[in-house]
Amino acid sequence: MDLNYTPEQNALREEVRQWLADKVPAQPLQSFDTKEGFEQHRQWEKTLAEGNWGMVTWPVEYGGRGCDLIQWLIFEEEYYRAGAPLRVNQNGIFLLGPTLMEYGTAQQKERFINAMASGEEMWAQGWSEPGAGSDMAAIRSTAIREGEEYVINGQKIWSTRAVFADWVFCIFRTDPASSRHQGLSFIFVPLDAPGVTVRPIAQLDGLPGFAEIFFDDVRVPVANRLGEENQGWRIAMSTAGFERGLMLRSPARFQQTAKRLVELYRQHRDEVLDLSVADAVVKAYMGAQAYALSTYQTASKLMKGGKIGAEASLNKVFWSELDQQMHETALSILGARAELLPHAPAAGAVGNWLDGFLFAQSGPIYAGTNEIQRNIIAERLLGMPR
Amino acid sequence: MDLNYTPEQNALREEVRQWLADKVPAQPLQSFDTKEGFEQHRQWEKTLAEGNWGMVTWPVEYGGRGCDLIQWLIFEEEYYRAGAPLRVNQNGIFLLGPTLMEYGTAQQKERFINAMASGEEMWAQGWSEPGAGSDMAAIRSTAIREGEEYVINGQKIWSTRAVFADWVFCIFRTDPASSRHQGLSFIFVPLDAPGVTVRPIAQLDGLPGFAEIFFDDVRVPVANRLGEENQGWRIAMSTAGFERGLMLRSPARFQQTAKRLVELYRQHRDEVLDLSVADAVVKAYMGAQAYALSTYQTASKLMKGGKIGAEASLNKVFWSELDQQMHETALSILGARAELLPHAPAAGAVGNWLDGFLFAQSGPIYAGTNEIQRNIIAERLLGMPR
Amino acid sequence: MDFTFTEDQQLLADSVATFLHREVTPERIRASWEGEGSDTRLWQQLVELGLPAMLVPEEHGGLGMNELDFIQIAQECGRVALAEPLVEMAMIATPMLAQLAAGSQPCARVLQQIAAGEARVAIGHPLNPAVADAGIADWLLLASGREVHLVPSDAATLIRQDSVDPSRRLYTPEWDRTAPTYRVAGEEAGAAAWCAALNRGAVLNAALLLGLAQGMVAQSVTYAGDREQFGRPIGANQAVKHHMANCAVQAEFARSPIYRAAYAVAQDPARAHIAASHAKLAAGEAALLAAKNAIQVHGAMGYTWECNLHIWAKRAWALEKNWGDAGFHQERLHAWLLEDTTDIGAEHTFDYPAPEALDSAA
Amino acid sequence: MDFTFTEDQQLLADSVATFLHREVTPERIRASWEGEGSDTRLWQQLVELGLPAMLVPEEHGGLGMNELDFIQIAQECGRVALAEPLVEMAMIATPMLAQLAAGSQPCARVLQQIAAGEARVAIGHPLNPAVADAGIADWLLLASGREVHLVPSDAATLIRQDSVDPSRRLYTPEWDRTAPTYRVAGEEAGAAAWCAALNRGAVLNAALLLGLAQGMVAQSVTYAGDREQFGRPIGANQAVKHHMANCAVQAEFARSPIYRAAYAVAQDPARAHIAASHAKLAAGEAALLAAKNAIQVHGAMGYTWECNLHIWAKRAWALEKNWGDAGFHQERLHAWLLEDTTDIGAEHTFDYPAPEALDSAA
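Chains as they are written, first to last, in the numbering used here: chain R, 1 to 386; chain H, 387 to 772; chain X, 773 to 1134; chain C, 1135 to 1496.
Rather than coming from a laboratory, the hints here were simulated on the basis of the structure.
Ideal Cβ placement from N, Cα and C applies to all residues, glycine included.
Hints are supplied without guarantee of correctness; some may be wrong.
[To be verified] A short list of chain X residues far from chain C (calculated; beta carbon distances all over 10 Å):
(1) Ser810
(2) Gly875
(3) Ser876
(4) Pro878
(5) Gly907
(6) Glu1000
(7) Gln1068
[Said to hold, decoys possible] Facing chain C, from chain H, some residues (calculated, C-beta under 8 Å):
(8) Asp521
(9) Leu590
(10) Gly592
(11) Val658
(12) Leu661
(13) Ser718
(14) Gly721
(15) Ala724
(16) Glu725
(17) His729
(18) Ala730
(19) Pro731
(20) Ala732
(21) Leu740
(22) Pro750
(23) Tyr752
For reference, chain R alone in the conformation it holds in the complex (with noise of 0.2 Å):
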């Protein structure tokens, strides 16, 4: 065990908070599920591919740096540290990319990594159906094999990005004897082919975060399926697998809300009557610094070879809850100011910790909801019956 950063990671540290510096736009961005927003975010991430910061951990011939998980982890403290956009391009760079360089063809490869690293092609996920939310398995769109295409119908629901997207990512069932986890199959859709429509839905912020997806005949070439046929599954729990799922919510980004929550404490302390506020502001403390430990001590083990599993749902309930808990602290800070969007006169400076506390509500619900996380971590790691 050493906890000291070498002189190579402190030089990283240094280079990306040098580039950050000097590139990190001085005004925020507007939310990237408005159209202008999203655009701007895209030219973000174009940004940070010319710079090679738009994924450190890729290999250096899709645009990355080779990057371990330490050094990763310390490109995703500069990044929150210097307040950094969100990354609009997180279901390509973070989800399809890895799944894309372990099982596409040298074609896809080629026609697919670079444009998404550029934030030339924005990526969707489509994994959800309004029969297929925690059970996953029981989708039942199609993709029908008719000569060197497929023949898609069916729906799909809570797909991220998807409102201003290029492509969407999809498991559809091409076997259609098939039940639950067989006969799917991993296939790309550009979301202007024929057929396709996008129903944008608002999430609690009146913004279409997300939609459904409708396929109507809608047909997309053979060469646009990874992986084998019928095989999709296994590719699609690959992509939403531990390391992955890790990068979706590095701790840098629960440090810094923290830290801001901190600071927001200290400049009311004086007026915060609530009793169970001093308490919670140690417990954010407490629960970020944990989970980055965590995450550390995780990316340590990776790095000497260790495998991980069902231990993701031990972070995905940790993360979420502690999001939620800060956002609450927070709200009572503010008091009865905490109502107030950030643009109204009286608000102050509120900030955002409004939006910051609708978005933590969604934390146990995506990626598994925390009860579906909790059967995990009784059944596979502590071994409790089904």
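For chain R, the structure is supplied; the task is to place chains H, X and C on it using the hints.
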């Protein structure tokens, strides 16, 4: 709505207060889970009965005062206010007594009620079996009729007070071919009958608060059966029903605990660093007060002919978790001294918080675990699917 | 001692509940989000039911009822997430006007107008950062220091303050604080009036919050019974059941404190502060838990704008912090509990603390 | 940056764990409750494994290892609820003696005896109201003001203080505080030594508490898999699963802070206080939750003396409040977070706060 006591109610309060001031032993009795303490408590029951304060809601003919529920609440408030001894006789007077009045024959009432009320005969309760805890209908112990006797075989467990009591009331399977809720009968067994073996079970504090009872060809007369043969489940359920459930845990008890907690907090306030204690003390007051108000509301409703059913599960969850919360808070205030037994020289004025804390751990378990209670709330009160 | 509502109170509450459940649909609430927001026809219906006049004293043309008569109605308003400004006006502003009417002709006149269904009054308590529904009010009850000003709404400049809850139409007013005609209570009487208003506001909002909590639980139970995953309704999962059971427990033990507090503000308002703070805290917690668990039980659907749940959840988040946030009410209880002279314990369930502790509220 | 244990550290911890799980049975713990309580044979086995000598510096005949080498062993001692006084002696008292040995011959001598397995030392930190295992110790490390006294146990009068946990044999000592031979550190050096001991004590107890939590979860999972109600194991109920899952989450996120804190006390003890307090708080919460949920999952059985669970639960209740209770450690974190000069945030995960904030600990 009129939240003022009537002159008659105030007079009753005054009368109880006076009587208790005269009679409550100056020194606390020993635990009734010891032989000596049990006899001290038996004596106290006798004193209560002599003053006709043993069970104020009982009819005058059985030594009660025919009090209504509000009067009962007033009595309880004064009882706990005075720090009077715990009721060793609660199985008899709260659970069995009312059931006996409803279902007993004239002979049974004559035989049992007065002896129960005076503390002369003390009762244990025999519902659970090793395989029938939360699943009470899984009872397997049998009482097989032979002429004018039942021959009893089997085993009961978690029988409170059985170590020192004189009698136990049980349900046994009288129809050996029956299953679940059918074929059960409600039967009284003297604990000194041949074939009865009582094995004390020590609780967390080391004292034998309950016992296992083994029945080996135990013979009791048919006259020891309460109600019809094979109707025991229904009778047992009415014994476990709301009104007595309410009486098992009168709000006064928790209000006095909250009061002591507030006093402890006032006393130690300058040393308490724990950031959660102030909030917990406020919550303790609120919880005890809410439980009292809710009970007054329920009592008022029942007195106007209202009925109450699964709502009792709300109470059970609430008071049991409130009791845990209050005792945890007290131990937090006491800090490192909290682990010391009261007789330890360095314990100082830790009082009986530790004992109360240990006892509070049983609250969410007995009389139906809180998990079962939450199922009942969801299914019966809210109508969720089974 | 009788802790039940009278038959009349219950009948009235039931009939208003029936009306509200029939008329106040989510569609109608959503429609009211357009424009300045009031649903004129709905308001007219509420007037016809006599609700705004309930707490106007008989000598001013009203029904002379009190907060206890109204409390279950407030709860029902929460249950349907009524967006109209009925509750603040009828149970907070109106009794405040009545309190001041003896010494103030303008207050008496406005009470007459309320009773006749001809005027609406919005109230700006110093503890709240904005005035709800000032945009559709005819009169504003405002604080200048501790003075009470009664200002015609067209004499004030209203600055819109958007809330997370689109049903809450908030404004901060600016007006000529020196105009002597507005002043209906000076510093001393004003302090007492604002203090009493705060207690009523706390109790009323507690009832709304309880209703909101119950409304969210009801929707979630229905949803969990309909929505299937893994071949059965999600509500058959014990974790989902227990989320809802926990909400039910919290709501149940907020209910009696609210009714008791409503009784206190109606019968002995000068000693109602502890009961009011208890009610608000308990209901606020119940509502926050219900919002959280209801969203969780709804899954992704609960996170959308199109699902009606957020109408309730956002109201709960907003109201929980108005009329004294949790810290304000905790601090009142905490300070009171710390006093050596404070008697709690079994025999004090229905005691009312002495009024001197009220100071902190103004 | 490498947050893993070395292969040697892991091998040692695993082999000690194997030994402990084989030898330290509940039956053996219960047997030790009779008499003064030490299990002489077990102690001898621990000595043979070299455990008491681990943290004795090499120049005093020990193995010269540090707290990080020992931390997983402490966790395993918690997991089996070891009642022997190994952990306080090896990881708190021994490093304290080592710290003072340069200026104190008696300390150096006692270290030699520890390394040889010939002496046991109990420690009485001012924050703890009693001294654990003083009755079987040869030496006592005691505080007189901030001075450190090293007292032969037969020179002290020991007053027994019964704990809820029969495995904890507590005493308050009385001794001649004026005898100059006992004094091994004066006010200044003593303050630093007690402060460092407190941090070690917090981290060590955190590891014990984590182990206790894990031990209780393991027992409960087994019980819930065996015990049947309604025709299936109770562990198949989602509520029971989630009780255990909640414990697992808390334990998991106490683990890394403990290892980090052990690293801190080993590498930079003067700046270890924040990490130590974090570790103790997180582990304390995990252990309290595990005790509560484990009892609940065991049902009535969990409330009995004959079920082994209480051996773990009572230890958890006791240790959570020793070596600084939650309030003490919260206050340290709280005071530190309130300082404007305190830097937290993503880039500061492995920063160690400056030592001046240590004052509050002595």
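Hint-by-hint comparison with the structure:
1. Ser810: With a cut-off of 10 Å, Ser810 of chain X remains clear of chain C, as the shortest Cβ separation is near 45 Å.
2. Gly875: Check passes; 48 Å lies beyond 10 Å.
3. Ser876: 48 Å, holds
4. Pro878: 49 Å, holds
5. Gly907: 42 Å, holds
6. Glu1000: Check passes; 17 Å lies beyond 10 Å.
7. Gln1068: Check passes; 13 Å lies beyond 10 Å.
8. Asp521: 4 Å, holds
9. Leu590: 6 Å, holds
10. Gly592: For Gly592 of chain H, the interface hint holds, since the closest Cβ of chain C sits about 6 Å away, which is under 8 Å.
11. Val658: Holds. Min distance 6 Å.
12. Leu661: 5 Å, holds
13. Ser718: For Ser718 of chain H, the interface hint holds, since the closest Cβ of chain C sits about 7 Å away, which is under 8 Å.
14. Gly721: Nearest chain C Cβ about 4 Å off; hint holds.
15. Ala724: 6 Å, holds
16. Glu725: 4 Å, holds
17. His729: 7 Å, holds
18. Ala730: Holds. Min distance 4 Å.
19. Pro731: 6 Å, holds
20. Ala732: 5 Å, holds
21. Leu740: Holds. Min distance 6 Å.
22. Pro750: Cβ of Pro750 of chain H sits 6 Å from chain C, so the hint holds.
23. Tyr752: At about 7 Å, which falls below the 8 Å cut-off, the nearest Cβ of chain C leaves the hint on Tyr752 of chain H intact, so it holds.
When held up to the earlier numbered hints, the structure conflicts with none and fits them all.
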